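Chemist: One letter stands for each residue in the lines below.
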Amino acid sequence: MKLERLPHDKLEPVRPENSLWREEFSIFKADEKYVTRRQLTKFLALTSLGMFAGNLWILWKSVMRKSISYPARIIAKSGEIPVGGVKIFEYPEPGEQCILVRTAEDQYAAYSQKCTHLSCAVYYDAAKSELICPCHNGVFSIRDGSVIQGPPPRPLPRVILDRRGSDLVAIRMQDRPER
Amino acid sequence: MEHRQREQRDVVRNRGLGAIDGAMSLMLILLIVQIWLISATLNAYLAGFDDAVVPGAIASGVLFLGCAGLYRFVTGVEVRSVDTTRQFDPR
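Sequence lines, in order, name chains R and H.
Our numbering puts the first residue of the first sequence at 25, with every later residue one more than the last.
Our numbering puts the first residue of the second sequence at 955, with every later residue one more than the last.
Simulated from the structure, these hints should not be mistaken for laboratory data.
For clarity, every value in this text was computed on a predicted model and none was experimentally measured.
C-beta: ideal position from N, C-alpha, C; glycine also.
Any given hint could be a false lead.
Listed below are several chain R residues computed to face chain H (Cβ distance under 7 angstroms; list not exhaustive) [as the list claims (entries may be wrong)]: (1) 65; (2) 79; (3) 81; (4) 199.
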């Protein structure tokens, strides 16, 4: 095949507006500002959607929590632990560790063992009659589980006990102290 | 003539960018409120105060709708501004 050379006067002159690089880089210089702003705006809108999804997740968890059942479960016999002694048990589900403390001859208190700060296991200090989290020195009252000092933002969830004969029975959990 | 066209194009572009900047600032404020809201709702939920969960979700939904509306506004302004500037700056 023979290529024909066009006469010089029929060649289209290369002008800036129809040059090849404009097709390769097809973004207007003036539009660049809009592109970055649009991306940031899209990011903000998606983050807002994420926050909304987070709130819906909390709502879902709240609805599911209301449907958790607290079975009545015998956790100890009344004379099983000495005054100032403790017993670790699991309630309401396996793996949810709680601590039972015999605070006086005839008084018991039970709380979730998970610190409300970062979920470290709390222990009972009999000398001070306090529940202490060793991770960040959080201190909870043995009376109602409220925070005495340290970083924990909330009181310890309390296990409500019922005495049935010589048995101590856990019947439910209370997330916040009664007012 | 060309100078006047360029001036007109710059006015349109700057007006569009101003509107977008304003909308973005508003979105940022809404987002900060939403972040505060989710942390407050989560804290209330973990503390056992479930009463705050439903209003928190509704308020967050309203804020998200505000952000989505502003996003639509921004894209609309952008399209209109780009169209207008292309009228003045054809290739």
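Chemist: Could you check the structure against the hints above and give me the numbers of any it violates, in ascending order?
Modeler: Result: hint 3 breaks, nothing else.
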